[in-house]
Every structure is written in C-alpha cells, then in structure tokens.
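Heads up: the protein sequence lines correspond to chains A and B, in order.
Residue 10 in the numbering used here is what sits at position 10 of the first sequence, and the numbering runs on without skipping anything.
Residue 3 in the numbering used here is what sits at position 3 of the second sequence, and the numbering runs on without skipping anything.
Just so you know, the hints here were simulated from the structure itself, not pulled from any lab data.
Accuracy of the hints is not assured; some may be wrong.
Derived pair list, reagent style DMTMM-like, types lysine to aspartate or glutamate, alpha-carbon separation capped at 20 Å [what the hints assert, rightly or not]: (1) Lys72/B with Asp122/A; (2) Lys104/A with Glu172/B; (3) Lys107/B with Glu20/A; (4) Lys49/A with Glu83/A; (5) Lys104/A with Asp122/A; (6) Lys21/A with Glu75/A; (7) Lys149/A with Glu175/A; (8) Lys104/A with Asp141/B; (9) Lys21/A with Glu156/B; (10) Lys72/B with Asp83/B; (11) Lys21/A with Glu83/A; (12) Lys49/A with Glu79/A; (13) Lys104/A with Glu175/A; (14) Lys21/A with Glu64/A; (15) Lys107/B with Asp141/B; (16) Lys104/A with Glu83/A; (17) Lys72/B with Glu45/A; (18) Lys149/A with Asp125/A.
A few chain B residues that face chain A, going by a derived Cβ cut-off under 7 Å, partial list only [what the hints assert, rightly or not]: (19) Thr8; (20) Thr27; (21) Arg39; (22) Gly69; (23) Gly126; (24) Pro221; (25) Gly223.
Chain A residues, not near chain B, derived (Cβ > 10 Å throughout) [claimed, not checked]: (26) Arg113; (27) Gly134; (28) Asp174.
C-beta: ideal position from N, C-alpha, C; glycine also.
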Amino acid sequence: MNWLRGLLSRKPVPVRGLSEKGMLLYPSTGEVIRAEEALRQAGLEVAVKGPPPDLRQGCDMVVEFSLMQEMRVREVLAERGLEPIRVAVAQDHLLEPVSLFQCKELGPYLMVRAANMKITVDRRDRRIVNVSGGGCPDVPYLADMLVGKVLDEAPEPRSLGQTLCGYALQLAFDEVRRQCHG
Amino acid sequence: MSWLIVGTVPRAGFRLAWGPYALRERTLDVSGALVSVARGTPALMATAHVATQALGIEPPEALIIGDTGSGKGSRALYRHLVDNLGRAGHAGVTFHYLMPDIAWHNKILWGLEELARPPLLVADAGFMYAAKMSGYAAHYDLFTPDAGEMAFLADEIAPHPFYTRGFLLQEEARIPELIDAAHAGANAARHLLVKGQTDYVVAAGRIVAQVSEPDTPAMEPIGGTGDTLTGLVTALLASGMDMTEACRTAALANRYLGVLANPTPAFGVADLLPFLPEALNLALGDS
Numbered sequence: 001m002n003w004l005r006g007l008l009s010r011k012p013v014p015v016r017g018l019s020e021k022g023m024l025l026y027p028s029t030g031e032v033i034r035a036e037e038a039l040r041q042a043g044l045e046v047a048v049k050g051p052p053p054d055l056r057q058g059c060d061m062v063v064e065f066s067l068m069q070e071m072r073v074r075e076v077l078a079e080r081g082l083e084p085i086r087v088a089v090a091q092d093h094l095l096e097p098v099s100l101f102q103c104k105e106l107g108p109y110l111m112v113r114a115a116n117m118k119i120t121v122d123r124r125d126r127r128i129v130n131v132s133g134g135g136c137p138d139v140p141y142l143a144d145m146l147v148g149k150v151l152d153e154a155p156e157p158r159s160l161g162q163t164l165c166g167y168a169l170q171l172a173f174d175e176v177r178r179q180c181h182g
Numbered sequence: 001m002s003w004l005i006v007g008t009v010p011r012a013g014f015r016l017a018w019g020p021y022a023l024r025e026r027t028l029d030v031s032g033a034l035v036s037v038a039r040g041t042p043a044l045m046a047t048a049h050v051a052t053q054a055l056g057i058e059p060p061e062a063l064i065i066g067d068t069g070s071g072k073g074s075r076a077l078y079r080h081l082v083d084n085l086g087r088a089g090h091a092g093v094t095f096h097y098l099m100p101d102i103a104w105h106n107k108i109l110w111g112l113e114e115l116a117r118p119p120l121l122v123a124d125a126g127f128m129y130a131a132k133m134s135g136y137a138a139h140y141d142l143f144t145p146d147a148g149e150m151a152f153l154a155d156e157i158a159p160h161p162f163y164t165r166g167f168l169l170q171e172e173a174r175i176p177e178l179i180d181a182a183h184a185g186a187n188a189a190r191h192l193l194v195k196g197q198t199d200y201v202v203a204a205g206r207i208v209a210q211v212s213e214p215d216t217p218a219m220e221p222i223g224g225t226g227d228t229l230t231g232l233v234t235a236l237l238a239s240g241m242d243m244t245e246a247c248r249t250a251a252l253a254n255r256y257l258g259v260l261a262n263p264t265p266a267f268g269v270a271d272l273l274p275f276l277p278e279a280l281n282l283a284l285g286d287s
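Same shape as in the complex, but just chain A:
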C-alpha cells in the first residue's frame, strides 16, 4: 500500500531531480580508475559512470559517490595524491560548493560562517568558544571536540567529520585560523 500511497500523494517529479550523489572529475580515465580503486579499498561505495555532456572536461568518466561521505572521500584521495580537478553534484547542472565567508565581530569574539556552519573564537586567547549551525549528526560531535580548545591545539574538523556539514565547518575553521593567526 505504501508504494501506491507514495505514488499518488507525491508531488510531480521535478524536471531536474535531486541527488544524494556527487561526482569526482579527473583529467584522465586512469586517474578515475585509480581513485575508484582507492575509495573501494577504503570501504566507500563508489561507481564509475559517464559524466553529463556539460561536465566533459577532457574526461569521459567520473567517480560517483555519496555526497554525505564527501569529507571521507576527499581524505582518502588526498592520502593517495589523487585529488580530483573538480567535485560536482551528480545531476544535470553543476553546483559549486560555497566559497564565501561571513564574519561578525562581537566584542572580543569573532564569528565566521561558511555555508550553514559557524565557528566563534575569543580573539584574546584564540580559544574556540562555540560551534553552531548545520544539521548532520557529526556537528554536535565536532562541537564537543572543538569547543574550549585553542585554535592551534584543536583537531581539524576534516580529521573527525564525515559529512558536508563537517566539511563546511572545516572551511570556517580554516578562515577563522587565517584571521586569528597567533
């Protein structure tokens, strides 16, 4: 019954569907294959597929992966020297991740936001006093690991996070570290 109910009550399928998948783009198919192998060895579920026409940048294959595992995927590829030339959402339109930051001064505190994640540091001692935003379940965990630590002693969010929220927090972390260098 559920499938019928779903069929009848769901809103019309959009022209361009949503996707939980991402694509890794490389300049050569050899690198695509090596990247796929590295990710499979790391226990990640990936697939090699043909890219949509507008994403053909000298390669005819991309590695498809779960966007929720983007942080882990990037980590594995960095360890093997297999960074892709581009990461995109696996649908017919290329989406770029956020690349802008919003900074807010609150007395001696600096809050930096990247996408949906915010990190706040006390400029006086460079201590992380708060982490907010996000919706994936590693956010409260990352906050527990970071809050109370001085920037230089805090673990990099990418070393502990496993989701896009975790990756966004890494971007905010990098920016706040750049602005509060010791």
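Given chain A, put chain B in place with the hints provided.
This is chain B only, laid out in the frame that chain A set:
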C-alpha cells in the same frame, strides 16, 4: 497531548533508547541512559522538557541513538522506528539531527501517514534536509530553518545547504522571496518558522507574523539556540496551541531567553535553561 522527539546524540556507543526522560541539571536521563546537554537533539529535548513542565503538561518522549557522523546510528534508529511505528501514535513527532537518507525517510513518512491518527510532523536539521530532498516537504506541518537553510529550501535542486546556489550570504534580506520560491517549488512544509535576525512565521506560503525584538546578538554564535527554538515550539504544540501562535510564541520566548540570560558568545545552552520558564511566561503574556 503526547509528543515524540527523534534524533541523535554525539556519542558513538550510545545505544538506542525510547521512552520518557528526565532532566537533572545539565544531564538528560533517557530510560537510564545519561547524556549531557550541550547542543543538538539533547538541547532540543532539555528545552522541550523544561517548557512542558512550565506549561504543566505531559513531557515528551524521546527516541535517540548515538551517531557521530557515520550515519550508522541514524540508520539503526530509522529501522527501529519503521519496525515499531505502532509505538509512534503520538499527537506529534519532532525529527531532528539525523543523517539525511531519502529511502528511510520515505518509509517513515509513509508509515506515519498510514496510522489511524497521523501525528503532526515537525522537522529540523538533517531530517528536514531529507524531507526536502525526498520531494515530500509539503507533507510536513512545520519546518524550522535558519536563513541559510531557507535558501536551501528555495533552491529546487540543492541536495544540501553546502551546495545551495546563489549562497551569497544575503539571505536575511531575501527571506520573503526565498519563502515564495520554496513554497512555489513544493519544497516547504505547510508552516515555516524561519529563525534569523527577524523570525518569520509562515502558513501556506504566506508570512503571518514577524518577530525581531528583543534582539540579543550574542545568541547567534551560541550552538543550540536554534535547537531551543525548536524545543519551545515542540512544547507549545504539545500543549495544543494553534500552529502559527505556537511559532510566534516560541520565537518570542527564545528572544526573551537571550534578554534574561544576558549571555556572552561563549555561553552554552545549558547556561540558558534556568531562564526558560520566565522567558516562556513573558512570551505567553505578550501573546
């Protein structure tokens, strides 16, 4: 009216727990399993508990599990909920920090909608992301996005706020048009409580209330102040209050919380909780 809160706690080994819970100072006790209140679902649970006590109504139940980001805990919780949907016959359910997973989301939504008395459905955080991605956003009674998440709801193809197109950090000024776009694309719940510099209460795509005072800027960086808002609206809905009035009152109470606690950006949610009953009373008095 009984209510169920569904979410995760940031501890890998925390086993699934489902039942009523108690709050002792800064610690939640869910059927003997202890979890400290910092941010995320524990912050929502603590707020809802304190608020329901202040309102003199039955406190909510919680269904929680440990998940530090792998999604393993979330999927175990989804499976357990699908296998025990008969236990979810509450007046309402609030879904919170969970790994977005469309397949499990759909099973849960369809299962809840098939109950003899389907509960009111509130979604925030990761489960709201899944609800939007699934194409079933309009089946929900309430979403509680912040300004950035509102831009995500408005972008019909964004799979996560991280990939929202046109994320130019001007969402606060654009919220009315983002609400229109999300509603037009059927990517919004029937009601929205958009939290930001101004909080917007939206019913069927129309802004019915705005709350911008009192303003305490130090509340924004405090992790969990969005969770307190969702906890407040959960408690008010559990009291039987009308949806738009519950949203407006919750927004106001969260703002009074800031005034009464007078926090610095280094405060935690647990530091705010002692002020919550008075904040709620003030908001109810204004309503």
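Evaluation of the provided hints:
1. Lys72/B with Asp122/A: violated (35 Å)
2. Lys104/A with Glu172/B: holds (14 Å)
3. Lys107/B with Glu20/A: holds (17 Å)
4. Lys49/A with Glu83/A: Distance ~18 Å between Lys49/A and Glu83/A Cα, so the pair holds.
5. Lys104/A with Asp122/A: With Cα atoms ~12 Å apart, Lys104/A and Asp122/A stay inside 20 Å; holds.
6. Lys21/A with Glu75/A: holds (17 Å)
7. Lys149/A with Glu175/A: holds (16 Å)
8. Lys104/A with Asp141/B: Since the Cα atoms of Lys104/A and Asp141/B sit roughly 33 Å apart, the hinted pair is violated (cutoff 20 Å).
9. Lys21/A with Glu156/B: holds (16 Å)
10. Lys72/B with Asp83/B: Holds, at about 17 Å.
11. Lys21/A with Glu83/A: Since the Cα atoms of Lys21/A and Glu83/A sit roughly 18 Å apart, the hinted pair holds (cutoff 20 Å).
12. Lys49/A with Glu79/A: violated (23 Å)
13. Lys104/A with Glu175/A: Answer holds: Lys104/A to Glu175/A is near 12 Å, not above 20 Å.
14. Lys21/A with Glu64/A: holds (6 Å)
15. Lys107/B with Asp141/B: holds (18 Å)
16. Lys104/A with Glu83/A: Judged against 20 Å, a Cα distance of about 32 Å means the pair is violated.
17. Lys72/B with Glu45/A: holds (14 Å)
18. Lys149/A with Asp125/A: holds (10 Å)
19. Thr8: At 4 Å from the nearest chain A Cβ, Thr8/B passes the 7 Å test, so the hint holds.
20. Thr27: Cβ of Thr27/B sits 14 Å from chain A, so the hint is violated.
21. Arg39: Hint on Arg39/B: holds, closest Cβ of chain A at ~5 Å, below 7 Å.
22. Gly69: holds (3 Å)
23. Gly126: With a closest approach of 4 Å, the Gly126/B hint holds.
24. Pro221: holds (4 Å)
25. Gly223: Holds, about 4 Å.
26. Arg113: violated (8 Å)
27. Gly134: Contrary to the label, Gly134/A does not stay out of reach of chain B, its closest Cβ about 8 Å off (not over 10 Å).
28. Asp174: Asp174/A clear of chain B: closest Cβ-Cβ about 15 Å, beyond 10 Å.
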